[in-house]
Amino acid sequence: MAYEQVKVETPLLLRILPVASILLFFGMWQGLVDFKIVPNTMLASPTQVMELFWEKLFVTDPDGALLSTHAWISIQEAFAGFFLSLLVGIPLGLLMGWFTVAEGLARPIFELIRPIPPVAWIPLTIFWFGIGIPGKVFIIWLSGIVPCVINSYVGVRMTNPTLIQMARTYGATDWGIFTKICIPSALPMVFGAMTISQAYCWTTLVGAEYLAADQGLGYLITMGRRLAMPSMVVLGMICVGLTGVAIGIIIEKVEKRLLAGIRR
Amino acid sequence: METNHEDKIVCRNISKIFIQKGTQRVHVLDDISVNVKRNEFLVILGPGQSGKSTLLRIIAGLETPTTGEISLDGKEIEGPGADRGLVFQSYMLFPWKTVMGNVELGPKLRGIGKKERREIASHYIDLVGLKNFENHYPHQLSGGMKQRVGIARAYANNPELMLLDEPFGQLDAQTRYFMEKETARIWETERRTVLFVTNNIEEAIYLGDRIISLKGKLPGRMHQSYQVDLPRPREHLDMKFLELRHQITEASDLTL
Amino acid sequence: MADATATIANEVQCAVRERRPFSIAATLKNKWFLYAVSITAFFGIWKYVDYTQVLGNGIAPPEAVVVQIFRLTGDTIAGKSLWGHIWASTYRVLIGFAIASAIAVPLGIIMALNRYVNAIVKPVFDLLKPMPPFAWISCAILWFGIDEPSKIFIIVVGTFVPCLLNSYMGIRLIEPQLYDVIRMLGGTRRDEILQVGFPAAFPAIFAGLQISVSIAWTCVLSAELVSARSGLGFIIIQGMQLSKPALVLAGMVVLAFVAWATTLLITGLEKILCPWKREAVVA
Numbered sequence: 001m002a003y004e005q006v007k008v009e010t011p012l013l014l015r016i017l018p019v020a021s022i023l024l025f026f027g028m029w030q031g032l033v034d035f036k037i038v039p040n041t042m043l044a045s046p047t048q049v050m051e052l053f054w055e056k057l058f059v060t061d062p063d064g065a066l067l068s069t070h071a072w073i074s075i076q077e078a079f080a081g082f083f084l085s086l087l088v089g090i091p092l093g094l095l096m097g098w099f100t101v102a103e104g105l106a107r108p109i110f111e112l113i114r115p116i117p118p119v120a121w122i123p124l125t126i127f128w129f130g131i132g133i134p135g136k137v138f139i140i141w142l143s144g145i146v147p148c149v150i151n152s153y154v155g156v157r158m159t160n161p162t163l164i165q166m167a168r169t170y171g172a173t174d175w176g177i178f179t180k181i182c183i184p185s186a187l188p189m190v191f192g193a194m195t196i197s198q199a200y201c202w203t204t205l206v207g208a209e210y211l212a213a214d215q216g217l218g219y220l221i222t223m224g225r226r227l228a229m230p231s232m233v234v235l236g237m238i239c240v241g242l243t244g245v246a247i248g249i250i251i252e253k254v255e256k257r258l259l260a261g262i263r264r
Numbered sequence: 001m002e003t004n005h006e007d008k009i010v011c012r013n014i015s016k017i018f019i020q021k022g023t024q025r026v027h028v029l030d031d032i033s034v035n036v037k038r039n040e041f042l043v044i045l046g047p048g049q050s051g052k053s054t055l056l057r058i059i060a061g062l063e064t065p066t067t068g069e070i071s072l073d074g075k076e077i078e079g080p081g082a083d084r085g086l087v088f089q090s091y092m093l094f095p096w097k098t099v100m101g102n103v104e105l106g107p108k109l110r111g112i113g114k115k116e117r118r119e120i121a122s123h124y125i126d127l128v129g130l131k132n133f134e135n136h137y138p139h140q141l142s143g144g145m146k147q148r149v150g151i152a153r154a155y156a157n158n159p160e161l162m163l164l165d166e167p168f169g170q171l172d173a174q175t176r177y178f179m180e181k182e183t184a185r186i187w188e189t190e191r192r193t194v195l196f197v198t199n200n201i202e203e204a205i206y207l208g209d210r211i212i213s214l215k216g217k218l219p220g221r222m223h224q225s226y227q228v229d230l231p232r233p234r235e236h237l238d239m240k241f242l243e244l245r246h247q248i249t250e251a252s253d254l255t256l
Numbered sequence: 001m002a003d004a005t006a007t008i009a010n011e012v013q014c015a016v017r018e019r020r021p022f023s024i025a026a027t028l029k030n031k032w033f034l035y036a037v038s039i040t041a042f043f044g045i046w047k048y049v050d051y052t053q054v055l056g057n058g059i060a061p062p063e064a065v066v067v068q069i070f071r072l073t074g075d076t077i078a079g080k081s082l083w084g085h086i087w088a089s090t091y092r093v094l095i096g097f098a099i100a101s102a103i104a105v106p107l108g109i110i111m112a113l114n115r116y117v118n119a120i121v122k123p124v125f126d127l128l129k130p131m132p133p134f135a136w137i138s139c140a141i142l143w144f145g146i147d148e149p150s151k152i153f154i155i156v157v158g159t160f161v162p163c164l165l166n167s168y169m170g171i172r173l174i175e176p177q178l179y180d181v182i183r184m185l186g187g188t189r190r191d192e193i194l195q196v197g198f199p200a201a202f203p204a205i206f207a208g209l210q211i212s213v214s215i216a217w218t219c220v221l222s223a224e225l226v227s228a229r230s231g232l233g234f235i236i237i238q239g240m241q242l243s244k245p246a247l248v249l250a251g252m253v254v255l256a257f258v259a260w261a262t263t264l265l266i267t268g269l270e271k272i273l274c275p276w277k278r279e280a281v282v283a
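Chains as they are written, first to last, in this note's numbering: chain A, 1 to 264; chain B, 1 to 256; chain C, 1 to 283.
Calculated from the structure, these hints are not laboratory results.
Since the model is a prediction, treat every value here as computed from it, not as a measurement.
Glycine included, C-beta positions come from ideal geometry on N, C-alpha and C.
Treat the hints with care, since some could be wrong.
Unchecked claim - Cβ-to-Cβ under 7 Å is the rule here; a few derived chain C residues that face chain B:
{"hint": "1", "residue": "Leu94"}
{"hint": "2", "residue": "Gln177"}
{"hint": "3", "residue": "Leu178"}
{"hint": "4", "residue": "Asp180"}
{"hint": "5", "residue": "Val181"}
{"hint": "6", "residue": "Arg183"}
{"hint": "7", "residue": "Met184"}
{"hint": "8", "residue": "Gly187"}
{"hint": "9", "residue": "Asp191"}
{"hint": "10", "residue": "Pro199"}
To be verified - Here are the simulated lysine-lysine pairs, BS3-like style, with alpha carbons at most 30 Å apart:
{"hint": "11", "chain 1": "C", "residue 1": "Lys129", "chain 2": "A", "residue 2": "Lys256"}
{"hint": "12", "chain 1": "C", "residue 1": "Lys271", "chain 2": "B", "residue 2": "Lys108"}
{"hint": "13", "chain 1": "B", "residue 1": "Lys37", "chain 2": "B", "residue 2": "Lys217"}
Unchecked claim - Interface residues of chain B toward chain C, partial, derived using beta-carbon atoms under 10 Å:
{"hint": "14", "residue": "Arg57"}
{"hint": "15", "residue": "Arg110"}
{"hint": "16", "residue": "Asn157"}
Excised from the complex, chain A in its bound form (with noise of 0.2 Å):
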């Protein structure tokens, strides 16, 4: 007899695995630390990191700010830079794709500096702004702006030629099926340019604060390092990573609102 086999839930071991995991996971590291395993000048153990977390709410030693100073600081910079990027990166995209001319001149620039990792500018910005926020916005502007021009670029050149020839039929102005047809047609990838720009600028903006900054959270990891303080350090990596997907959750729902009209 052949029947069919239901199967409406998961089995329980996949519901389990992935918690048994993480505990697992967690387990380790604690162990790692508190049996000596590992000295506790090269790691420090979740409940460390955890109680240094609580402390850094309210307490600016040893490092001069709250923990929420350094984030915000942080969160601040990164948006400058991936507001600007958006500012100049979609509208250069956009253009590129359509204009000849855009795409002539602008192109080249483009590919010159595109292969060259926004980290390496660090020396430069120094040189130029110094040490402080503008040269950080700078090269976080820099990371967020390639993956903006590239989606734009590629979102103008993917419209629908059966629509651009009918716009002609009608006799369109270039200017007027840039405006009217292109723009919107490319806003799906667009607003895709933003997730990845707002990941790339978060990424990036870890980089510059190494080397250049005096708060923010980047900087908090170096001076955990500095001060031997792996806990610090651990501290740092975790608030980065869990602000970056914050950020990216955020971006991503604004995304979405903005698309719900348009069908991808």
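Go by the hints and put chains B and C onto chain A.
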């Protein structure tokens, strides 16, 4: 189960219910009983959404029926196997293999040596009319050619039963007529038991020895059975052809 | 049988080139002309900025950079010539990349094929994924000191994520009916994996490798900027410490070139190993 030794496939009271999204039940087939005779070209005809592809997949062994039994040569079908060959509607060729690579895959999986399986594959590539295209990749072929590779691939494994799931659905009308002729020719050259699924009445009459029509709208139920006694090769504009076409059209939900 | 060959002929494509009369307007709109204008303008502005010292000492004229590069091939910095430094950085990238992909690619494939492995590994992976590679630098230095292992560790961490994700998605996105084909031909589960899984996922795996390589260069650079005695990042830092923008720029230019060359290598490798057509992946 009483089976005539002439019967290749026996399906009794097959029904199939899919569980979707955890709780939704979709009743796809209801109480289907079909006997397929040896070397018969049986066509299952039905409009879209009548469960005919599901029936084919059940016979292929890729799905299990919720109730009912199927047997091949008296033995119950328990899963897919080399004794049945399936030709897919969307070709499903491996893009990283050449035509030869695709066709010889069946024998390769069964452990047949290189020289021998090359010969087998060449024979069938020739049979479907693709003699000089052994080293082409699928993306270099047109739709009709891709489907012919699919047919050759199924044939090369020497199955006892050939299953074709609306194989010409994605082709344009011209190519479709051409492929119908080719299919009839190939089948006459190397006879097998064939189960052919389609929604096209003309195709059904042109190719089949017998046509079983399913009623439209889920769940699919058996509707009528027609014996096609026209001599081959058949003519689309033959009087008897047209009469049968009229008969089927009247009886079914299919529009011409 | 002769009809068979006819069907492909319908799709002959012709390349048509129009001969347009020569005109100023047409030249101004010509892509190559504009590229040339753009590059000239770029170097022109660069030279001008240096000339007017707008950025003060912070920039060197293009010629100085070129001279610097040539000098580096002859002279040495910290005991190595330019080639030595290029090799130092490339070596780190290659080792880190090799280690990461050797672990990440098989792991991604296994995770996609086996639900239990997936349930064990994925939660931990998702936990560690959001942390940018740079964030690990301090950790690496704490654990491994400032020598080679810490740099290679960063590269491994940075390249691990895209490699694993792309291999994983590569297997997950395979059309399920392709597995049906194998089963209908009499294949076993092992056949399904070997005959369908690997080849079908290949393009995605390569896409992951490409992304990983560019990330690897960023990682090696940041690791070298923080603490190094050799490598292209070291050259750049030297330039900064010695207040020699020409050196900084020289390092950047060489770096861009080498990174571009490695990407080209991977793309070339892909063309050889995957001769069949695939969908374009937009970064």
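For this session: Against the earlier hints, flag every one the structure doesn't satisfy and list their numbers going up.
Result: Of the numbered hints given earlier, the structure breaks just one, which is hint 1.
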